[in-house]
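Working from the sequences, and respecting the hints, build out all of it.
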Amino acid sequence: MTTKLFTGAEMVVKALSAMKVKYIFGYPGGSVLDLYDAIFQQDEIEHILVRHEQAATHMADGYTRATGEVGVVLATSGPGATNCVTGIATAYMDSIPMVVLAGQVPTTLIGNDAFQETDIVGCTRPIIKHSFNCRDLAEIPNIIAKAFYIASTGRPGPVVVELPKDLLIPQNKAPFSIETNVKIRSYNPNIKGHPKQIRKAAKTINEAKKLVIYSGGGIVLADASELLTKLVETLKAPITNTLMGLGGISGVHKNFVGMLGMHGSLEANKTMANADVILALGVRFDDRVTNNVEKFCPNATIIHVDIDPTSISKTINAHIPVVGLVDVVMQQLLDELSTINYSPNKEALKEWWQQIHLWRDMRSVSYKQVEGEKIKPQRVVEAMYRITKGEAYVASDVGQHQMFAAQYYPFAKPRQWINSGGAGTMGFGLPAAMGTKLAFPDKHVICITGDGSIQMNIQELSTCKQYNLSVVIITLNNRSLGMVRQWQDMVYDGRHSSSYMESLPNFTKLAEAYGHIGIKIDTLDELDSKLEQAFNIKNKLVFVDVLVDEKEHVYPMHIRQGGIDDMWIAKGVKA
Amino acid sequence: MRHILAILLENEPGALSRIVGLFSQRAFNIESLTVAPTDDGSLSRITIATIGDDKVLEQIVKQVNKLVDVIKISELTDRKHVERELLLVKVAAMNDKSRTEVKRISDIFRGSIVDIGKQIYTIELTGSSDKLNAFIETLSNETEIIESARSGCVGIARGEKALRV
Ligand SMILES: Cc1ncc(C[n+]2csc(CCOP(=O)(O)OP(=O)(O)O)c2C)c(N)n1
Ligand SMILES: [Mg+2]
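Respectively, the protein sequence lines represent chains A and B.
Using my numbering, you'd call the opening residue of the first sequence number 2 and step up by one each time.
Using my numbering, you'd call the opening residue of the second sequence number 127 and step up by one each time.
The set of hints was computed from the structure by calculation and includes no laboratory data.
Cβ coordinates follow ideal geometry from the N, Cα and C atoms, glycine included.
Be aware that a few hints might be false.
[What the hints assert, rightly or not] Stretch-level coverage of chain B by chain A, calculated; a stretch enters the list once three of its residues show a Cβ under 8 Å from a Cβ in chain A: (1) 138–147; (2) 185–191.
[Claimed, not checked] Straight-line alpha carbon distances no greater than 27 Å define the calculated BS3-like cross-link-like pairs of lysine-lysine that follow: (3) B:K198 - A:K197; (4) A:K296 - B:K188; (5) B:K181 - A:K201; (6) A:K184 - B:K192; (7) B:K287 - A:K197.
Below you can see the structure in the form of C-alpha cells.
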C-alpha cells in the first residue's frame, strides 16, 4: 500500500478545511502562486481577492468580529506581507484572532536579500500573539492547527505563519497528517478564577454601597453578554462599557450608564469616580479610559477579572485580581453570590441610583441642531439608528464620526459594533464592513466613516463590486480631519495644520465610477428621506456622502491630565 | 533593584528573539542575558539580570510568561540561590613588579592565570557579578586592562526547588 502524498500547497488548503475555514482574504504573488493554484482546484474554501493586502487583514478582522470565527489572510512575500502589518497590529491591539499566511522566498535563498524577501516574522514580532517559520513541509498541517488554536484561545490575537516557496511547489511532497486536538506544553490558556479570589470578590461586592460594573471587549470576545446581563440584574448595579465593550450589554438597558472614558458620558465617568467598588470585567484600564492614572477613582476597591495577567495591575493597581476566562469567572461569581445569599444594602443602592439619575439628568451626551443650519453629525447617526431600528452592524473608521457613532447608536447586541479601538486605524471601516457583510448578507451593514478615513482604503469599492457586497457607506463629510482639527482648536489655538482637505473627490461620482450608487445629502430637510432611500436599496452598495457641520466637536471630553470625571461637556464648559 | 530571572523555554528558532524583542519593546532593562540548551535538549534556559522596581518586575515576569514558547519563569533573587558569572580578562604584565602584583591579586580572588604572553596575562575568574566587579576594579588600579569578556550571570535556587517541566 502506498500512502498518498501531497504538496505543501495542498496541505495548506486541506489543513484550512480541517479548521472549517470558509473564506481566505488575500492577494497573490510569486511566492504563493502554488498555493493559489491549489485554491483554484478546490471549492470548499472561497478566496476573496482584495485590492490591497491591508484591506485583506481588516476584512478578515471584520468577519471575525462579526462572527467569532478566526479570519484567514493570505499574502505574498515582501511587500504583500508588509502591507499586512497595520492590519495585524490592529487585530493585536483589540485581541482579535487571525491567522496570516505569508509567502516567503525559498529556504535556500532566505537571508540573501532575494527578490521580495522580507523577514515578516521579524517585522511582526511585537504585534502578534505568536508566529511560525515553516521549514519542513510535513509540519505544515500541525503548524496551521496550532496557529488556529493559539489565535483563538486564551486572550486571542493574530498568528503569522511564514511559508517558504520551496515548501509549496509540486516537486516536493509528503504524507498529510494533522492533530486537531492541539496540546502545547508551554501554553495552557483555559483558566478558572482562583476560588479564594472569587470568595473575596463576592464578599467585597456584597459589602459595596456604590458598586459599578465596568466591562469591555473581553465580554464581546467571550460571547458572555447574556451572563453579563444576568450578573448586572442580580447585582442591580450600574454598568458602563468601554468603546470595545459596547453591545456587551444592551445600550438601552436601564442599568447602562453609557460608555466611559475620554468621550464617554459624564454619568458613566462620575459613576466610576464615585464608586466604592469597581468590578472590572474583560477590560485593561486603557489610558483613553483612565485619564490621569494618579487621579483615577481614588476611593474604589478594584476587582479586576481578565484572562491576561499582564493586563492586571499594569496601569491601575487591582486590589482583588482574578485571572480567568471572563465567562467562567462570572459564573463562579454568580454561584458564590448565591452561596453567600447576596443581599446588597437596599438603602445604599437606592441612594446610589438617585445620585446616578442626577448625573444622567445633565444629559451630557447631547447636541443642538438648528433647523436650516448645517447638518450636525450626531443627527445623522440618530437617523441611521432610527431607520435600521438599532439592528444594523456598524463598522467604523477612526475620528469624530467614530465617537458620534459610539455615543448615538446604542447597540443592542455584542458584535454589532465593529471598530478599531486599541490601534485607532483609519482605513479599517470599509474593509471591516465588507467582512461583516460577507458573513451576514441579509443584514444592514453600515460603514460609518469620514472624508479622511474612507480614502485610506477606498480602492476596496472595487472588491465590493466583484463580490456584490452591498454595504451602506455613510460618510460624515466635514471636509477635514475632524478629530485632528478638534485637538487643534482645543490645544493649538485653532491652528489647523494639515487637518483641512482642500481637494476632496466627488464621492458620489467616485462610487458610481466603481459601479455603485452615490447619494449626496446637503441639507437637513432631505436627511431622513434620502437615508431611508439608501437603506431601501437592496443588493447594491450605496455611498452616502453627508455634508455635516465641520465646526462640531465631540463632547463630552476628558480634560487632559484630570481625573476620570473631569470633563468638558461643551465648548468651554466644564462639568 | 537588581533581579535575576531564570526562564525555561522551548528550544526553538525565534524563541530567544521573542524574549529580547519583548524587553526592548516594553523598555525593560537587560543587564546581562545568557542562554543555552538544558540537559533536556528540547528546552533552553535563559538567565536575565535586570533592574527595576517591583511593579516593573511584576510586568516583566507576566509578560515573559505570556510568550507562547515560555514554560516557566522564576525570580532567583527573592530566595536563597547560587549565582555565578565567568570572567576572562587580559591585562598588561610588562615587568616583574606588575606580573607579581597581578598574580597576587588573582590568587586573592581565587582566579587562575590561563594564558601568558610576552607582556600579557589572561586570567579566568568565576564568582558573583559583585566579586567580578571588585576584581576588575582592583586590577585596574595596578595595571592596564587590555580586554575583558564576561558571560553574564547564571543562577540556580538552593535546596529542593527546581525549575523544570
Ligand atoms: C492610519 C492613521 N493615520 C492617522 C491617524 C490620526 N487620526 C485620528 S482621527 C484623524 C482624522 C480622521 O478624519 P476623518 O476620517 O475625516 O474623520 P473625522 O474626524 O473628520 O470624523 C486622524 C488623522 C489615525 N488614527 N490613523
Ligand atoms: Mg472628516
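For the pair supplied as a hint, K296 of chain A and K188 of chain B, is the alpha-carbon distance within the 27 Å limit? holds (25 Å)
Using a Cβ cutoff of 8 Å, are there at least 3 residues of the region 138–147 of chain B near chain A, or does the coverage claim fail? holds (count 5)
Please work out if K184 of chain A and K192 of chain B have their alpha carbons no farther apart than 27 Å. holds (16 Å)
Is the straight-line distance between the alpha-carbon of K198 of chain B and that of K197 of chain A 27 Å or less? This hinted pair holds, its Cα atoms lying about 23 Å apart.
Confirm or reject the coverage of the region 185–191 of chain B by chain A under the rule of 3 or more residues with a beta carbon closer than 8 Å to the chain's beta carbons. Coverage by chain A holds here, the residue count being 4 at a Cβ distance below 8 Å.
Take a quick look at whether K181 of chain B and K201 of chain A sit within 27 Å of each other, Cα to Cα. Satisfied, since the Cα-Cα distance of roughly 23 Å is no more than 27 Å.
Regarding the pair K287 of chain B and K197 of chain A, is the alpha-carbon distance no greater than 27 Å? Holds: K287 of chain B and K197 of chain A sit about 25 Å apart, inside 27 Å.
Every hint from the earlier list agrees with this structure, and none is contradicted.
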